[in-house]
Amino acid sequence: MKTLKLILVVVVSLAWIFVTTFNLGPLGSLGELTTYKTGLLSVPLQENGITEVTSERDLNIYVDDVGIPHIYTNEKEDAAYGLGYMHAKDRYFQMEMISRIVQGRLSELLSAQTIESDVFWKPYEFEQKSIALLEEYKQTEPAFYAYLQSYSDGVNDYLENNEMTDPLYKALGEEPREWKAEYSLLFTWYMSWTLTYFDHHIEQQELLVELPENVREYFYPLQPDGMTPIISSEKAPSNVNVPDLGLDYATSDNVETSESKMPLFDIGTQLRNKHKFYQGIGSNNWVVNNSKTTNKGNILANDPHLYLTLPEAFYEAHLVTDNVKVYGFTIPGVPVIVSGHNDKISWGITNGEWDLVDRYKLQVKEDSLYLYEEKWVPFDTKEYTIKVKNRSDHTIEQRTTVHGKVLKEDNDQYYAQHWYAANSSNSVKAMYDVMQSQNWNNFTTALRDYSYPPQNFVYSDVNDNIGIVCAGELPDRNEDYVGQVLDGTVKYIPAKSLDSLWYDFNPEKKFLFSANQQPIQNSVYFGAHGLKDNYRAKRIHSLLEEKDNWQVNEIQKMQVDEVDISFNDFKELMRNYTVKEAYRNIAQTLTDWDGNMHNEANQALIFEVLRNVSIEEAKQFANTELQVNKGPSLQYFLKYLNDTEYTIPESKDKQEIVDAIFEKTNAALTEQFGDEWSNISYKKMSEFTISNIMFIPGLGEKIDDVGGNTNTININTDSFHPVFRAVYEINEGEIQAQTILAGGQSGMINSKHYKDQIRPWRNGEYKKVQFVGNPNQLENIENIIKFKR
Amino acid sequence: MKKSLNYLPYVVVILIQFLMSNYTAILLAIILIGVVSSFVIKHKRVFLKSFLLALAVFGVTFFIYQSRIDYIKDLLVNLGLPGVFVFVFFPLINALNTAILFFFGYKIGKLFTRRKKETEDQIMEVVS
Numbered sequence: 000m001k002t003l004k005l006i007l008v009v010v011v012s013l014a015w016i017f018v019t020t021f022n023l024g025p026l027g028s029l030g031e032l033t034t035y036k037t038g039l040l041s042v043p044l045q046e047n048g049i050t051e052v053t054s055e056r057d058l059n060i061y062v063d064d065v066g067i068p069h070i071y072t073n074e075k076e077d078a079a080y081g082l083g084y085m086h087a088k089d090r091y092f093q094m095e096m097i098s099r100i101v102q103g104r105l106s107e108l109l110s111a112q113t114i115e116s117d118v119f120w121k122p123y124e125f126e127q128k129s130i131a132l133l134e135e136y137k138q139t140e141p142a143f144y145a146y147l148q149s150y151s152d153g154v155n156d157y158l159e160n161n162e163m164t165d166p167l168y169k170a171l172g173e174e175p176r177e178w179k180a181e182y183s184l185l186f187t188w189y190m191s192w193t194l195t196y197f198d199h200h201i202e203q204q205e206l207l208v209e210l211p212e213n214v215r216e217y218f219y220p221l222q223p224d225g226m227t228p229i230i231s232s233e234k235a236p237s238n239v240n241v242p243d244l245g246l247d248y249a250t251s252d253n254v255e256t257s258e259s260k261m262p263l264f265d266i267g268t269q270l271r272n273k274h275k276f277y278q279g280i281g282s283n284n285w286v287v288n289n290s291k292t293t294n295k296g297n298i299l300a301n302d303p304h305l306y307l308t309l310p311e312a313f314y315e316a317h318l319v320t321d322n323v324k325v326y327g328f329t330i331p332g333v334p335v336i337v338s339g340h341n342d343k344i345s346w347g348i349t350n351g352e353w354d355l356v357d358r359y360k361l362q363v364k365e366d367s368l369y370l371y372e373e374k375w376v377p378f379d380t381k382e383y384t385i386k387v388k389n390r391s392d393h394t395i396e397q398r399t400t401v402h403g404k405v406l407k408e409d410n411d412q413y414y415a416q417h418w419y420a421a422n423s424s425n426s427v428k429a430m431y432d433v434m435q436s437q438n439w440n441n442f443t444t445a446l447r448d449y450s451y452p453p454q455n456f457v458y459s460d461v462n463d464n465i466g467i468v469c470a471g472e473l474p475d476r477n478e479d480y481v482g483q484v485l486d487g488t489v490k491y492i493p494a495k496s497l498d499s500l501w502y503d504f505n506p507e508k509k510f511l512f513s514a515n516q517q518p519i520q521n522s523v524y525f526g527a528h529g530l531k532d533n534y535r536a537k538r539i540h541s542l543l544e545e546k547d548n549w550q551v552n553e554i555q556k557m558q559v560d561e562v563d564i565s566f567n568d569f570k571e572l573m574r575n576y577t578v579k580e581a582y583r584n585i586a587q588t589l590t591d592w593d594g595n596m597h598n599e600a601n602q603a604l605i606f607e608v609l610r611n612v613s614i615e616e617a618k619q620f621a622n623t624e625l626q627v628n629k630g631p632s633l634q635y636f637l638k639y640l641n642d643t644e645y646t647i648p649e650s651k652d653k654q655e656i657v658d659a660i661f662e663k664t665n666a667a668l669t670e671q672f673g674d675e676w677s678n679i680s681y682k683k684m685s686e687f688t689i690s691n692i693m694f695i696p697g698l699g700e701k702i703d704d705v706g707g708n709t710n711t712i713n714i715n716t717d718s719f720h721p722v723f724r725a726v727y728e729i730n731e732g733e734i735q736a737q738t739i740l741a742g743g744q745s746g747m748i749n750s751k752h753y754k755d756q757i758r759p760w761r762n763g764e765y766k767k768v769q770f771v772g773n774p775n776q777l778e779n780i781e782n783i784i785k786f787k788r
Numbered sequence: 000m001k002k003s004l005n006y007l008p009y010v011v012v013i014l015i016q017f018l019m020s021n022y023t024a025i026l027l028a029i030i031l032i033g034v035v036s037s038f039v040i041k042h043k044r045v046f047l048k049s050f051l052l053a054l055a056v057f058g059v060t061f062f063i064y065q066s067r068i069d070y071i072k073d074l075l076v077n078l079g080l081p082g083v084f085v086f087v088f089f090p091l092i093n094a095l096n097t098a099i100l101f102f103f104g105y106k107i108g109k110l111f112t113r114r115k116k117e118t119e120d121q122i123m124e125v126v127s
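Going line by line, the protein sequences match chains Z and S. When we follow numbering that gives the first Met the number 0, the leftmost residue of the first sequence carries the number 0, and every step to the right adds one. When we follow numbering that gives the first Met the number 0, the leftmost residue of the second sequence carries the number 0, and every step to the right adds one.
By construction, these hints were calculated from the structure, which means they are not laboratory data. Just so you know, not all the hints are guaranteed correct.
With a straight-line Cα cutoff of 35 Å, these simulated DSBU-like cross-link-like pairs (lysine-lysine) come out [claimed, not checked]:
no.	chain 1	residue 1	chain 2	residue 2
1	Z	LYS508	Z	LYS570
2	Z	LYS1	S	LYS43
3	Z	LYS404	Z	LYS531
4	Z	LYS1	S	LYS115
5	Z	LYS701	S	LYS72
6	S	LYS72	Z	LYS381
7	Z	LYS1	S	LYS116
8	S	LYS48	Z	LYS407
9	Z	LYS531	Z	LYS579
10	S	LYS2	Z	LYS1
11	Z	LYS1	S	LYS48
12	Z	LYS683	Z	LYS751
13	Z	LYS404	S	LYS2
14	S	LYS43	Z	LYS36
15	Z	LYS36	S	LYS48
16	S	LYS72	Z	LYS767
17	Z	LYS388	S	LYS72
18	Z	LYS509	S	LYS2
19	Z	LYS570	Z	LYS618
20	Z	LYS683	S	LYS72
21	Z	LYS682	S	LYS41
22	S	LYS41	Z	LYS766
23	Z	LYS495	Z	LYS404
24	S	LYS72	Z	LYS1
25	S	LYS72	Z	LYS546
26	Z	LYS508	Z	LYS128
27	Z	LYS683	Z	LYS556
28	S	LYS72	Z	LYS751
29	Z	LYS36	S	LYS116
30	Z	LYS556	Z	LYS579
31	Z	LYS36	Z	LYS4
32	S	LYS2	Z	LYS36
33	Z	LYS570	Z	LYS343
Let's have the full structure, built from the sequences with the hints guiding it.
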């Protein structure tokens with residue numbers, strides 16, 4: 000009996016030891032996390048008050064009650080040092096994680112779950128490219144090099160002289176790694192991946208080959224008549240000469256991104272899928288000049304859309320030196336303001352959504368040779384070693400052709416893919432110059448050197464000028480290029496960048512805006528902007544056009560506008576067709592509605608289901624009637640249904656299509672929300688959760704009181720939301736700003752600034768920016784860090 | 000003096016996690032102390048005593064530092080669990096863990112001593 004009892008004790012104890020030492024994903028074990036010294040209880044909180052730091056630098060940092068650092072010093076380099084110090088203090092985990100992602104070194108920190116991410120990134124060799132670029136700056140731009148180096152010093156001085164207060168490091172059982180100046184240059188590639196790594200060329204090729212020109216121009220027009228481009232322009236026809244490459248059509252919107260059911264802690268897959276590019280989702284910025292505002296000063300607004308995490312992508316900072324006074328949004332890891340203002344100008348960004356990927360069809364034999372200029376040439380192969388925490392190294396072999404990396408689609412067809420944004424990028428240096436610009440001339444000169452990811456920069460200055468620049472490096476492709484798949488067997492001539500800067504300055508219409516639409520209508524191929532819905536751009540345009548006496552609070556209200564004007568096309572549809580008796584309640588419910596996707600409205604719920612069903616129906620229409628994979632955008636599908644003159648020969652009767660839409664909408668509403676769907680608010684569909692950067696369950700924030708959809712200015716999709724909202728007003732020669740972040744300044748889950756701005760963000764509220772030259776005028780300062788020799 | 004020596008292993012296994020920062024080392028140290036204790040401690044209810052003492056110490060530690068892990072309460076609430084579970088996760092699991100590891104070591108030690116005793120008894124039987 001005694002022996003049995005003993006065995007029982009040993010077995011139970013061993014089971015307990017197993018359970019408590021089993022790692023929770025990349026995090027430590029339960030035993031480790033709950034034990035004092037190795038666990039979360041030992042991680043101290045950051046303290047407020049006055050801190051004096053002995054340093055070679057001479058600066059003071061005042062941190063206000065939302066965690067924004069106001070850095071005062073004489074020299075730019077010391078300001079960079081202070082910003083590095085604060086980025087490290089508040090966001091170091093995020094900085095390390097993103098720099099590791101781009102280097103293909105994430106698995107060294109998070110172990111085997113992120114190998115997939117490293118497999119993608121490592122062969123681009125961004126680590127080596129960043130070192131080479133920094134070395135180039137050392138020779139050619141010594142001031143900028145010194146600036147990056149100072150920033151790096153600030154980061155490392157914080158890490159060396161302060162106890163780590165981020166629980167995530169403790170939970171991972173890791174220490175922060177030393178920062179290097181070249182890491183700041185890695186972030187443009189990360190943003191380029193999020194904002195430019197898309198590849199729709201196989202679908203585009205299919206459209207070009209399979210559809211007669213009139214049908215293609217009707218459903219998939221690259222340069223549609225009704226389009227509102229960013230810059231006013233004359234539309235120029237493009238003659239297209241499409242090679243017949245005899246393609247088997249494998250759909251490939253964004254390669255290597257199949258999303259399957261994800262296990263609880265599969266950070267690698269989450270990272271690869273959540274942050275990826277989604278066409279048609281982007282950002283808003285606009286500016287109205289002084290003749291269209293009540294107080295006779297320009298007003299500029301900006302709200303970029305990205306995948307939201309806690310912490311989010313941006314960090315606010317205020318730098319004051321003898322020569323530069325600048326406030327705005329930085330990306331932790333990068334010592335420049337990407338959207339913000341100084342004492343003379345303000346600017347805001349949106350994604351250019353330019354097509355920076357080329358796809359080449361290859362002829363391959365024996366899985367190793369490709370036909371190139373009538374010769375069979377072996378793939379170039381290179382091995383890469385990925386280091387994995389607590390595991391043996393993982394070795395991969397990357398195959399490339401002269402064009403780029405080799406991809407093999409599901410139908411066994413080989414392609415080569417060239418991603419232009421993988422080239423060296425000068426964007427950080429360009430933004431360094433932008434934030435010091437004092438006028439339009441400085442601003443455009445700086446942006447001439449901007450590379451990737453292409454962005455639309457809206458501009459306003461204290462001299463009542465407004466402008467917009469579509470900046471970035473656009474490949475100088477052949478004149479007949481419209482996104483088709485290219486022939487990989489003929490001589491490859493690398494496309495250089497076009498030496499052009501597209502801009503508009505003080506236009507007659509008194510306002511400018513961008514919402515990821517086509518930059519300008521001309522013969523230059525920017526991308527497939529024309530193929531997507533542009534309801535959001537149209538909404539912004541119409542609001543700005545119709546009103547002449549804008550005030551700041553009205554501009555703010557416009558940023559949270561939730562009206563979906565695609566509803567107008569549906570209203571026309573319901574006027575043009577008879578809705579069957581069985582589904583008439585859907586049409587009747589929407590009759591008196593105004594298209595406002597408010598989260599409390601039942602009509603918004605019904606409409607969103609109707610819209611989603613219509614998009615699916617458009618895809619089906621493409622598959623069955625047009626015999627192509629890519630569905631037309633909703634606006635062209637609705638245009639077709641509402642068009643009384645044009646019908647595809649031998650295609651399904653339009654009334655049948657409309658009947659199917661309403662039937663499926665009714666079925667979807669009942670299936671998703673039960674028989675009582677007419678009493679359910681849109682909240683059920685519009686709610687979403689902002690995840691923690693590590694996708695740890697429970698550390699995010701559920702948002703259930705925001706409306707909107709993919710077409711509204713206040714965008715709300717599964718994936719993308721406004722990461723911040725900012726409004727910059729010129730008032731009596733000074734720039735006054737109001738901003739809000741979708742999260743908080745700190746990336747640490749134990750900080751009160753981790754998500755303290757979410758409530759005002761979801762309510763459409765703003766905080767007033769403190770932009771003062773004298774630190775004694777700052778209010779609500781909670782923490783002062785003084786650096787003295 | 001002898002009584003305080005009897006309680007020393009209980010105190011050491013608790014103190015150890017305030018001094019060492021490697022969990023594997025802590026785990027092995029507690030088990031080892033448990034093994035050694037089996038030769039020293041004359042008590043009954045070793046597990047209970049170890050658990051209660053650890054619970055008291057870790058409870059006090061938790062109350063001193065609980066503001067450091069307020070986010071765990073949010074996490075639990077977001078996962079649909081009551082925030083008070085944080086008390087379960089920290090002082091209780093820590094105390095239970097310490098007590099189980101200690102008791103495990105103690106029992107292993109006892110196993111040796113019993114084996115040793117049985118061997119000695121067998122030798123004695125043979126000799127007699």
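Evaluated hints:
The hinted pair formed by LYS508(Z) and LYS570(Z) meets the criterion: a straight-line CA distance of about 30 Å does not exceed 35 Å. About 15 Å separates the Cα atoms of LYS1(Z) and LYS43(S), which keeps this hinted pair within 35 Å; it holds. A hinted pair counts as satisfied when its Cα atoms are at most 35 Å apart, and LYS404(Z) with LYS531(Z) qualifies at roughly 28 Å. Under the criterion of a C-alpha separation no larger than 35 Å, the hint pairing LYS1(Z) with LYS115(S) is consistent with the structure, at around 16 Å.
Between LYS701(Z) and LYS72(S), the direct Cα distance comes to roughly 15 Å. Compliance with the 35 Å bound is thereby established for this hinted pair. For the suggested pair LYS72(S) and LYS381(Z), the alpha carbons sit about 49 Å apart, so the restraint of at most 35 Å is broken. At roughly 15 Å between alpha-carbon atoms, LYS1(Z) and LYS116(S) fall within 35 Å of each other, so this suggested pair holds. For a cut-off of 35 Å, the pair hint linking LYS48(S) to LYS407(Z) is broken: about 65 Å separates their Cα positions.
Distance hint between LYS531(Z) and LYS579(Z) is fulfilled; the C-alpha atoms sit about 30 Å from each other, no more than 35 Å. At roughly 27 Å between alpha-carbon atoms, LYS2(S) and LYS1(Z) fall within 35 Å of each other, so this suggested pair holds. About 21 Å separates the Cα atoms of LYS1(Z) and LYS48(S), which keeps this hinted pair within 35 Å; it holds. For the hint linking LYS683(Z) to LYS751(Z), the alpha-carbon distance of about 29 Å falls within 35 Å, and the restraint holds.
This hinted pair does not check out: LYS404(Z) and LYS2(S) have alpha carbons roughly 74 Å apart, beyond 35 Å. Distance check on the hinted pair: LYS43(S) and LYS36(Z) sit about 30 Å apart at the alpha-carbon level, within 35 Å; holds. Of the pairs offered as hints, the one joining LYS36(Z) and LYS48(S) holds, with about 23 Å between alpha carbons and a cut-off of 35 Å not exceeded. With a C-alpha separation of about 31 Å, the suggested pair LYS72(S) and LYS767(Z) falls inside the 35 Å cut-off, and the hint holds.
For a cut-off of 35 Å, the pair hint linking LYS388(Z) to LYS72(S) stands: about 30 Å separates their Cα positions. Simply put, LYS509(Z) and LYS2(S) have alpha-carbon atoms about 89 Å apart, too far for the 35 Å limit, and the pair is violated. For the given pair, LYS570(Z) sits about 21 Å from LYS618(Z) by alpha-carbon distance, which is consistent with the 35 Å threshold. A distance of roughly 26 Å separates the Cα atoms of LYS683(Z) and LYS72(S); the hinted pair therefore holds under the 35 Å criterion.
Of the supplied pair hints, the one linking LYS682(Z) and LYS41(S) is violated, its CA atoms being roughly 65 Å apart against a limit of 35 Å. Between LYS41(S) and LYS766(Z), the direct Cα distance comes to roughly 67 Å. Violation of the 35 Å bound is thereby established for this hinted pair. Our distance criterion of 35 Å between C-alpha atoms is met by LYS495(Z) and LYS404(Z), whose separation comes to about 19 Å. For a cut-off of 35 Å, the pair hint linking LYS72(S) to LYS1(Z) is broken: about 43 Å separates their Cα positions.
Of the supplied pair hints, the one linking LYS72(S) and LYS546(Z) is violated, its CA atoms being roughly 48 Å apart against a limit of 35 Å. Only pairs whose Cα atoms come within 35 Å are accepted, and LYS508(Z) paired with LYS128(Z) is rejected, the gap being roughly 44 Å. With a C-alpha separation of about 24 Å, the suggested pairing of LYS683(Z) with LYS556(Z) holds against the 35 Å cut-off. Pair hint LYS72(S) plus LYS751(Z) holds up; C-alpha atoms about 14 Å apart against a cutoff of 35 Å.
Distance check on the hinted pair: LYS36(Z) and LYS116(S) sit about 39 Å apart at the alpha-carbon level, beyond 35 Å; violated. Between the alpha carbons of LYS556(Z) and LYS579(Z) the distance comes to roughly 38 Å, so the proposed pair goes past 35 Å and is violated. Between LYS36(Z) and LYS4(Z) the alpha-carbon distance is near 33 Å, which keeps this suggested pair within the 35 Å criterion. With a C-alpha separation of about 29 Å, the suggested pairing of LYS2(S) with LYS36(Z) holds against the 35 Å cut-off.
Restraint check: the Cα-Cα separation between LYS570(Z) and LYS343(Z) comes to about 46 Å, which exceeds 35 Å; the hinted pair is violated.
Of the numbered hints stated above, those contradicted by the structure are hints 6, 8, 13, 18, 21, 22, 24, 25, 26, 29, 30, 33, listed in ascending order.
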